[in-house]
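Protein chains in written order, with our numbering: chain V, 1 to 509; chain R, 1 to 395.
Misleading hints may appear alongside valid ones.
Unchecked claim - Partial list, computed: chain V residues near chain R (C-beta under 8 Å):
hint: 1; residue: Val-335
hint: 2; residue: Asn-356
hint: 3; residue: Leu-357
hint: 4; residue: Val-363
hint: 5; residue: Ala-368
hint: 6; residue: His-382
hint: 7; residue: Gly-488
Calculated directly from the structure, the hints in this document are not laboratory data.
Bear in mind that the values here come from a model prediction, so they are computed numbers and not experimental data.
Ideal Cβ placement from N, Cα and C applies to all residues, glycine included.
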Amino acid sequence: MNGPILRMQGIEKNFSGVKALDGVSIEVERGKVHGICGENGAGKSTLMKVLSGVYPHGSYEGRIEFEGEETTFRSINDSEDVGIVIIHQELALSPYLSIAENIFLGNENSNRGVIDWNKTNLEASSLLARVGLDESPATKVLELGVGKQQLVEIAKALSKRVKLLILDEPTAALNDEDSDHLLDLIEHLRGQGITCIIISHKLKEIRRIADTVTVIRDGKTIETIDMHGPDATQARIIRSMVGRDLNSMFPPRDPKIGAEILRVEDWTVYHPVDTSRKVVDNASFTVRAGEVVGFAGLMGAGRTELAMSIFGRSYGTNISGRVYKNGEEISVRTVEAAIKNGIAYATEDRKKYGLNLIGDITVNVSAAALATLAKYGVIDRHREYKVAESYRTRMNIKAPSVSAITGKLSGGNQQKVVLSKWIFAGPDILFLDEPTRGIDVGAKYEIYGIINELAAAGKAVVVISSELPELLGISDRIYAISDGRITGEVAGADATQESLMHYMTAGKD
Amino acid sequence: MTTTTPATRKPRLAINFRQYGILAALVVIIVLFQILTNGRLLLPGNVNNLIQQNAYVLILAVGMVVVIIAGHIDLSVGSVVAMVGAVSAIATNVWGFPWWASVLLALLVGALVGAWQGFWVAFVGIPAFIVTLAGMLIFRGLTLVLLTGGTISGLPDEFTAIGAGWLPGFLGELGGRDVLTLGLGLLTSVALVVQQLRSRATLRRLELPRETLTQLWLKNGIAVVAIMWLAWLLSGYSGTPIILIILAVLILLYTFMLNQTVFGRHVYAIGGNLFAAMMSGVKTKWVNFYVFVNMGVLAGLAGVVSTARAGGAVASAGQNYELDAIAAVFIGGAAVQGGIGTVVGAIVGGLVMGVLNMGLSILSVDAAWQMTIKGLVLLLAVAFDIFNKRRSGGR
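Model the full structure from these sequences, guided by the hints.
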């Protein structure tokens with residue numbers, strides 16, 4: 001067959017008067033990898049939901065052709081029937097079922113309702129071989145890491161005879177090694193004639209595997225770039241995405257570093273379940289006023305565990321060590337105590353630990369410092385509203401009002417709500433865990449600006465990040481963690497990705 | 001996907017619609033039964049009975065909505081009502097306690113029951129469904145032990161007045177109507193309007209968003225008419241039921257508690273996202289504990305009220321009360337997952353059930369069919385709510 005495998009023309013989609021998609025058109029060539037880039041809220045996910053039938057035919061304007069025929073999907077099942085499979089950012093596997101059971105869930109090899117286990121396991125094995133996952137089909141999914149779960153999702157897609165595979169931020173939760181493996185696999189599938197649409201914020205990955213890239217902004221197609229062409233640079237994509245030139249990825253800053261605020265000594269934490277395992281091993285570090293300190297480490301190195309255990313022992317058991325603030329030992333036994341002592345921790349998992357997603361912006365912003373808005377246990381709701389409104393303006397949170405439900409905001413705006421909450425709590429020390437994970441370039445820049453402001457106001461800021469360029473771009477000093485131990489300390493100006501990577505892999509076989 | 005348009009009034013109106021949806025349903029049901037019963041539903045005597053007969057559901061619903069917002073459930077309240085009723089009747093008739101001491105004892109027993117269940121839920125971490133299912137059996141069993149299968153009746157008048165009495169009409173009568181009741185109606189209306197105008201003035205002074213004047217007067221107009229009409233009906237019967245005053249105080253108190261206090265906010269935060277609440281420094285265990293203590297106290301109060309109304313304690317009292325209260329809360333728009341719900345919604349939900357009970361009884365519909373119809377109404381109400389949310393929400 002000739003011609004593009006997918007053609008979407010003039011797609012429009014409204015949500016109660018708000019235009020989420022405003023005439024998007026896109027053509028995907030057969031057997032190619034097609035990247036879709038755009039800021040959060042640009043309409044990428046909505047577009048994919050239109051394509052896969054989550055929003056049924058008739059609820060949007062425009063025309064979709066798949067393999068030359070107009071589609072009229074009424075549900076996800078309809079789109080899967082013709083070979084369009086979407087893998088969402090949040091994986092949808094059932095943890096207590098085996099790999100084989102998950103692969104064939106809803107699509108069981110059965111005879112009159114009785115499952116043929118031999119066939120199931122046999123086919124599962126061959127699918128696992130195809131995606132390069134060396135696990136028994138009988139392994140329970142909860143025993144797998146995120147990277148391997150992603151491969152199971154792809155095996156599941158392959159079992160459905162997928163022609164067009166859509167991956168929404170597939171590497172957002174993966175470490176570099178797993179990401180590499182996944183990208184290799186996508187290239188491999190392309191070799192087998194499977195077309196792939198990949199949505200990603202990581203432009204490096206897009207550059208590596210995409211044949212063409214379509215940039216979407218404010219619900220419109222901005223341009224489609226041939227990635228094999230001469231001017232297909234990262235800067236060009238960024239320019240297209242934000243509609244302006246980002247002179248630099250990081251806002252300029254003039255650090256004014258003061259006295260030491262936080263000192264942590266001999267901090268050791270054991271795993272909450274496997275209590276003989278040290279997750280953080282004798283870590284000591286300091287942070288000074290006005291300083292941005294980065295923590296670099298591979299996934300599972302103990303960065304988040306270190307921060308969470310300091311923040312009111314929210315993680316781990318058998319914690320030992322001492323925390324000093326301005327030279328005096330303080331208690332961080334509970335979250336309340338940590339907050340009272342001026343420590344804040346903005347989580348890496350904002351949906352699980354950071355936000356009340358069914359609550360509005362107001363209640364989320366005030367959540368950690370409600371007492372300051374209350375007298376005799378009664379909240380001054382007018383003041384609360386004004387506080388939330390001021391943060392909405394100051395942090396540039398894009399929402400119709402502070403009564404907007406946080407679950408409906410885009411990732412970048414949700415992150416700004418989390419930051420607002422902790423800034424309003426008035427801490428002296430902020431731990432920001434992956435503050436820019438899963439958010440777009442424009443919002444990242446704004447968040448770096450906020451970090452700079454906090455440092456300029458004399459706060460001690462600790463940033464934990466998986467993205468080394470980000471750490472190099474914003475930190476005054478960087479600690480590297482490997483296997484729960486602090487293996488290196490480098491001044492921001494002297495650090496390079498290579499030197500950090502050296503420390504981050506220290507002591508590993 | 002989000003817009004950058006400056007503050008619009010849209011989201012506020014949407015919230016209002018959801019809240020008024022169930023109120024509209026109540027009005028429809030009242031009008032329907034008023035027609036079906038040829039006007040007998042709203043006879044003064046029936047309106048009076050509607051309040052006194054359903055007081056226990058409404059009191060329990062107020063406690064239950066807090067429990068459900070926090071993401072729990074309480075299946076034991078029916079048994080607690082029976083046990084507390086038995087304790088208060090024994091205290092009064094066997095131990096010779098004065099009526100007020102029996103009432104205090106009843107509330108104390110309720111609090112202890114709540115503390116017991118709160119301990120297991122909050123500090124041991126057993127799901128409330130299990131803890132209160134166990135409680136349902138435990139407290140029913142203890143009631144049987146206390147009453148040894150018999151009944152205790154012949155409670156003093158002061159005690160029964162709580163559930164079945166009226167405020168003394170010391171202001172006399174005017175044209176056969178109780179002046180005190182009319183006066184209370186008038187006072188409530190004036191207080192409502194003054195309070196609304198004052199809060200609007202504060203909003204304007206602080207330049208915060210507020211409803212339009214037309215909306216305000218329309219809302220208050222309807223409320224005042226409803227209040228005065230209720231007062232008019234009751235004044236022509238026996239006057240103001242004491243339980244109505246207790247209910248009004250509870251509604252005001254708990255609406256204030258949920259909306260304006262740190263404790264109330266913490267209840268919503270825990271139901272909305274337990275982990276996020278923990279990581280924001282909310283003492284989640286203690287909040288959960290007090291949610292159950294509070295439920296226990298209100299179950300105790302409901303026990304006093306239903307014992308007073310019945311004039312005595314029987315071991316079978318309070319059967320299925322937990323289901324009525326839970327139904328009222330969900331009809332009133334609370335979310336099964338927690339985090340969403342209002343006291344006013346729960347009260348309106350309770351009234352929907354009450355009007356159904358009364359209307360079907362007047363029509364002498366068989367008890368078996370009454371149960372069936374109530375079940376269907378619960379299902380439809382929640383289905384309507386989910387449908388509404390889907391249409392207005394998520395992408």
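Results of checking the hints against the structure:
1. Val-335: OK, holds: Val-335 (chain V) within 8 Å of chain R, min 5 Å.
2. Asn-356: 4 Å, holds
3. Leu-357: 6 Å, holds
4. Val-363: 7 Å, holds
5. Ala-368: 4 Å, holds
6. His-382: Where the cut-off is 8 Å and the nearest Cβ of chain R is about 5 Å from His-382 (chain V), the hint holds.
7. Gly-488: 29 Å, violated
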